[in-house]
Structure formats: structure tokens, C-alpha cells
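Undergrad: Please work from the sequences and hints to get the whole structure.
Here is what each chain is made of, one letter per residue.
Number of protein chains: 2
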Amino acid sequence: MDKINRQITLASRPIGWPKESDFKLIESPIPVPGPSQVLIRTLFLSVDPYMRGRMNDRASYADPVKLGAVMTGGAVGQVVHSNLAKFPNGSYVQGMLGWQDFVMSDGSDLHRVNRELAPLSAYLGVLGMPGLTAFFGLLDIGQPKPGETVLISGAAGAVGSIAGQIAKLQGCRVIGVAGTDEKVRFLIDKLGFDAAFNYRSETNYFAKLKELCPQGIDVYFDNVGGELTDAALHYLNVHARICVCGQISQYNLTEPELGPRLLWKLIEKRAKVQGFLVMDYAPRFREGFTQLAEWLGTGELQHRESIIDGLENAPKAFLGMLHGENIGKQIVRVSQPETGASSFL
Amino acid sequence: MDKINRQITLASRPIGWPKESDFKLIESPIPVPGPSQVLIRTLFLSVDPYMRGRMNDRASYADPVKLGAVMTGGAVGQVVHSNLAKFPNGSYVQGMLGWQDFVMSDGSDLHRVNRELAPLSAYLGVLGMPGLTAFFGLLDIGQPKPGETVLISGAAGAVGSIAGQIAKLQGCRVIGVAGTDEKVRFLIDKLGFDAAFNYRSETNYFAKLKELCPQGIDVYFDNVGGELTDAALHYLNVHARICVCGQISQYNLTEPELGPRLLWKLIEKRAKVQGFLVMDYAPRFREGFTQLAEWLGTGELQHRESIIDGLENAPKAFLGMLHGENIGKQIVRVSQPETGASSFL
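Top to bottom, those sequences are chains A and B.
Each position in the first sequence, counted from 1, maps to that position plus 968 in my numbering.
Each position in the second sequence, counted from 1, maps to that position plus 968 in my numbering.
Derived from the structure by calculation, the hints contain no laboratory data.
Among the hints, a few may not be true.
Heads up, the list lumps identical chains together, so a pair's fine if it works in one copy or across two of them.
[What the hints assert, rightly or not] BS3-like, lysine-lysine: derived pairs with alpha carbons at most 27 Å apart:
no., residue 1, residue 2
1, K1034, K1233
2, K987, K1233
3, K1158, K1136
TA: Quick look at the structure:
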């Protein structure tokens, strides 16, 4: 094993769609952990839509990644040299490890993960941030009731695929919107959605939603925004709830997009539109995790991943995810876990 | 007293701004109440923004007024012939009496009002639908906390002027937006708003809101919509609440207006936008009324009206209200209450 740490840094701030040249792979020595520190080797890296915002030079709810700095990102890793009793050599951890082979930590931002309970990569998907996002966004903001109609955009993605299944578990009629015919079949055949359609080939969202949501829409879990959301708002039921999880259709625009004003519609329908971030639910993560793990264990929740191998392919995985190429959670497999508990150094 | 009932009917459905010729005054005999019915003479008539929607040929949350039918509207009246013990001759009632001198009722839609507690016209304003709208919209949806900044659009109108005062009573910093300099002075000098500005003379809403809301906006009580709301959204604080009460800037457009898409902003700020109708709070009207009456009694709540005399001037009063000519609640005084309890018939 080479004692080189590969890191993927932000090379330039994209205008519009990011491209591979906005990232740069650099090499540096593997850091040596000091007292009360651990060295972690990255096993699985998560790429997520929110990272697009971090590439901009504009503080949003989090600071941007600095130019030349390692790209931020959640990952599952293995402790390969430990000076911390809480995280012994060989243990598995989850945290914001970044796009790199190795990272040092004082442990304050790490959580142990249990390989017996679920595959390690699941801690970046159904049992990680996307699963918790779906869980709290849908249940806390959407509050779906049995028999209600729930519409999910970005339904075949990491969050949408979980949100739709949770809505089914609540006894709802669930309609998904996704970007390929394969995803549409996946939603219906594998995840049990009641109906779904391909927004790229469908030319009239209004007619399609009218057809698939004949009772109107009670909960709209929106990952996408744009014209699909305009149409969805048209079919809201009284007291509808819109969980605004993401607006991926807007993230790569060079100019803010205009759309029909919608607030009057919210009065007519006494509807609620609420944006949320999963981190605001941190005090309740244990509750969400426990329920998600239970559903995963019983098979009530299906867990689908798209995996790309190699840290060097993280930019490609990220760009592919922005373009909707993944089904389920997009993961980058960086290295294989090692058995045994000896130090790597 | 002439035994003629004047009624103002909907003569044509306006495209864009309504005009006086969209209404027609007709005369008919005063109806004679049957058993278990009362005849009511209208004293004060309310004109409200929602009536614009009823003039369209499109069902919203309520059915449109039919062409040729009497315009709908809340009013306070006096029972002038009673065949119902609950509403004796001379008693005062509030209900959807419509734009007419006289109306018959079986009592099911009437409420007695107490002239000793407040002036009769107050039951159309601070103690009526506008007051309850402000009360529940601000407190239930906005949930203002002491020290928070509350922005009110349409702040000098029937609802806005009450909402702003309630926000002050909650210990908030309150900023009002209104359409004349006189209204701005009224808000600051008479109602105790912390600041206010005239949106018609102000050219840069962004700069003005930045100046007046240096701590950002926690609650936005929106009666207006449009560009002002675009700017307000720019200054939302984390976990801000937007109470969507009205969108009067949009009601007279001939084409739906486009505006910047705003849902991504709601994610960044984890903000909630909720539309509401006061009728959904009907089970809690007693609670709201009791509190409003108490504040009115102690002088903590100021009650301002603009009064126009004569049923025939109801269209003018309505159009003036749509154009923002009123300060406080716009009322049409239709007739004077009579003392004594003899039947009019």
C-alpha cells in the first residue's frame, strides 16, 4: 500500500453545470495522527446534490468549499491507526470525511457504524443522511395520512426512493416522477409505487398529473422544482403540504428562473410549503435511524445503490448524479475494508 | 320609509380591474318573512378584497357570484320584523347579508352582536372577519416571539392594521408597508409600528427592507404579494414563517404574473409559507373574539375605519378599497339603527 493520500479538491467555481475540470486530484503524504487522533481510510464516499451549492462562492446554510480545498462529503471509513479508545483500529465510522483516501480526526465528528446491522454503504443512504432526510421531511412536514395521495419528484434518487416507500408504509397512494423509463419501472415494480412517469418524455405535466392523481395531491415531496412543481401546485388538495427537500432543476442555472407566482394558490388551498434541512432534526436522528433500520431489517424498505469504483471517479459520479444517471443512492467505492485490527502505519 | 329593497347585483364579470359598470342597482319589493324567518335591514356593509375573486367565473374556495345575483358580503343589520324568538325586533345581527337594504333569513347564518361592547361597525372590522383573520393568521401560522421582526404588507388595511398591532402586543419589532405617506404616518404615529414605508414611492424594496429589518425577517404577514414579497423573501431569517393572507397585487391581472422561483430559498432558510382562510378557524372564533374584544376594551388595539355612506356607493367603496384608498376597515353605512322594537312591516 502506497503511503500517498489522494485528495480531490475544488479547482474552479462552476458557472452553470459543473464539469470534471472543476475538480483536481492532488497527492500528499498520509497524515500521521497525534495523541487523541485517529487515521481513517475512506471506504465509501457519498455524492449528493447539496454539494453543488458548496461549489459556489456564496454562503448558504453552510460555508462554501474554498478553492483548492478538499471537497466536502459524507463517507464511511475504517480506522487504520487509532490513538482513541472509542475508535479502535479496524472499527467502522461515518462522518464528513471529504473526497480523499485518508483523513485524520479527533473523533468529535465521527459515529461508529455497525457492519452486522447493514452493509457499510447503507450508512450513506437509507440509514444515513438521505434516509433521515426522507424520514423527517415526509413524516414531520408532510404528515401523510392513510389514503392520501403523495407525489414525489426525483423519486428514484437517494431521498425520493426512501420517501416514496415510507409514504407507502403510511398507507398512501404514491406517485413518482423520475427521469428515465428504467427508473419508472423500478419505482413501480421494485418499490411498489402506485404509478410513476418519466418527466423527460412526458410533454404535458398537467395532463399527466391529472390522470395519475385523480383525487388531487395531499403531500408533495419535492426534490426538483421548476415546471413539474408548477404543475403539481395546480392539483393541490385543501390543506396540502409541500415538503421542499431539494430544487435540483435550479442548481445549475446561470440566471434565476422565473415561474408563475404561486402564493395565491396557497391561500385557495390553505396549503403549506416548507423547506427543511435534515441537520435541523439532529436531536431526533436516533428515532429516525431506529425506524429506518427496523424497516430495512424486515424488508419493508428496499435499498438501492449505484456504485462507481475509485476515488478518482468521484467527480464523474457527482456529475452523473446531477444529471440523474443513478438509480437510488450514488456511492463511490474508494477502498475495501480490511479484516484484522492492526495499525496501517 | 319606502317599501323598496335596493340590491346591488353583479352585472358583468370584470377582466382585470373591475369598474362601477360591472355592478347594477336593482329595486324589488321588500320580502315578507314567513314563519321562523326574520327581516333584516342592513346598517353597515363590509367590502373586502376576497369579493374580487367572487366576481370571476371560476370556483375557488367559494362559488362565484352568479351574474345578476346580489353581491355577497358580510354586514351588520337590525332585525325589523321577527318571527324568531332568538332574534327579536330591534336586535342587531351580523351575517352574510349581501349588498342590499333588506334581507330575509331563517337565522341559521346570523349572530347577535352587542352594541354595548363596541360600535356596530366594529363587528365588520376588528371584532369581525378581518380581526379574526389577523388574529389567527399571525398567531397560529406566524407564531411571533418577543424580539422577532414582523413585516406586514397591506399594513394600513383592515387586516394588516390589526395584525401589526397584535405583533406589537407580542413584543415584536413591527415593520409596515403601505401605499401612501398618510398611511405610513398612521402606522407609526397611531398604531405604534416601529417603522413603515410607502411602496408606491419607494423604488428599491431590497434596500429599504435591508435598512428597516437589519436583523432579518422572522414573520411576514403578506396581504399583497408581487415584487414586495420577492424582496421580503430575500431577507428571511432561518425558520421564518410567511402567513399568506392575501395577494391583492395579483387579483386584477389579466395574465398570471411571473416571478422569481422561491422554493430553493425556503430550503436555505428552512422557512414555511402557509396560506390560510379565516373560516378554517371557525371552531376557535370565540377564543379570538374574546381576546380582540379585551384588547379593544383596554385600548391596546386601535380600531380605524373609512366610512362611505349609501348602499348605492358600495361599488365605489369596493373599488376604492381595491385601489388602496381606505385606511383601516372600509365600511359602507347603509342605514341608521332604529331605537324601539316595533316591526317595520
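Undergrad: Which hint numbers doesn't this structure obey?
TA: none
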